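Student: Please work from the sequences and hints to get the whole structure.
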Amino acid sequence: MPSLPHIKSRARLLLRMKDKDSSRDSRKDSAMQLLLTEDGAPNSSSRSSSTEGDTKETQNAGAKEETPAQPQPLLVFVLGPPCAGKSILCRNLAFAYDFHHVAVDDELCDLANLTPSGPAALVLPYHYPDKFILHLRSRLRAGLQLGTDMPAEYILRQALLANDDPSKVRLVIEGYPFSVPDWHAFRKWLCGPHKYREPNEKTAVIVLHAKKEIAYSRFLDQGGEEEFFEERWAEHENYIGGILQEMHFEHIRRGVQLVQIQEKENVDVQEMVDTVFKKLEKMPTWEIPQWQIGLPGTAVAWHMDRFMGRTEATYWR
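In UniProt numbering, the protein residues as written are 1 to 317.
These are computed hints drawn from the structure, not numbers from a lab.
No incorrect hints appear here.
Think about it this way: if two alpha-carbon atoms lie no more than 27 Å apart in a straight line, the pair counts; the simulated BS3-like pairs of lysine-lysine are:
id, residue 1, residue 2
1, Lys282, Lys264
2, Lys278, Lys211
3, Lys264, Lys279
4, Lys279, Lys211
5, Lys279, Lys168
6, Lys212, Lys279
7, Lys264, Lys212
8, Lys131, Lys188
Label-pair restraints from in silico Cβ distances:
id, residue 1, residue 2, range
9, Leu122, Pro284, 30 to 38 Å
10, Lys282, His100, 20 to 28 Å
11, His135, Gly224, 28 to 36 Å
12, Arg254, Phe228, 35 to 43 Å
13, Leu161, Glu263, 30 to 38 Å
14, Glu198, Lys282, 17 to 25 Å
15, Cys191, Gly224, 34 to 42 Å
Remember, predicted model here, so these are calculated numbers, not experimental data.
Beta carbons: idealized from backbone N, C-alpha and C, even for Gly.
Tutor: What follows is the structure in structure tokens.
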């Protein structure tokens, strides 16, 4: 589970107008002559119609200036069965491409704790004082169902915390959407209260496929129980078909990019991450952070050492 065009300010436009040559004055004189009658008197009807036209143009221009372009965040969703490598991929994406990483499952579980830590702590009432977080936390601690709206709203609140400028939001979202209804809820919150644009060509959905025996081995290395693994694997199998079908439709309708990593590409962690990076960088709308431009080699060549120094099993999710 990528910038808007810059609009010239009115002040800059006026400065450029002052620098025009004398041909501007001659054109102005010609235009004024059209507003005069044969005897040299001003044509009141022409003048009034011209004034009305100018007024309408001014109003239209003002309306356009008052309506800002909708921000277009760069969104990457990473999906896959348990221990397919979602966490390590998201951490690498966050580090290499300057993303804000939202691990939905982990953060919601952490939010239910008495003293949350990490990203979940940032949305606690003393940081973000509203009733939504209180309600979400109470339901989590009581073990109640969250529905589809609450996780979507939580993710978007983390997006606002990640960057004050919505147009510069870069999110990599781990393990989400859980199902097709969750995707619809996310789109609703994205375009509704938060005024973002629909997911489009600047949105990528990465689906990691993995052989069950390999994922199971990784799960046991983390100290997991077989029964819990089977439950999570079955849940993934139950929903991933519908999500893939929905993302194919989203690609046709809105240009959402669907990237699938097959089982044979997901055996070695470094090769898997490298494959994903190469596929993402082929996207026409993929944006590389300015600080990364000019660095030698690929992103994988210089950032993998940071994470591979730790136990590999720590990152398999």
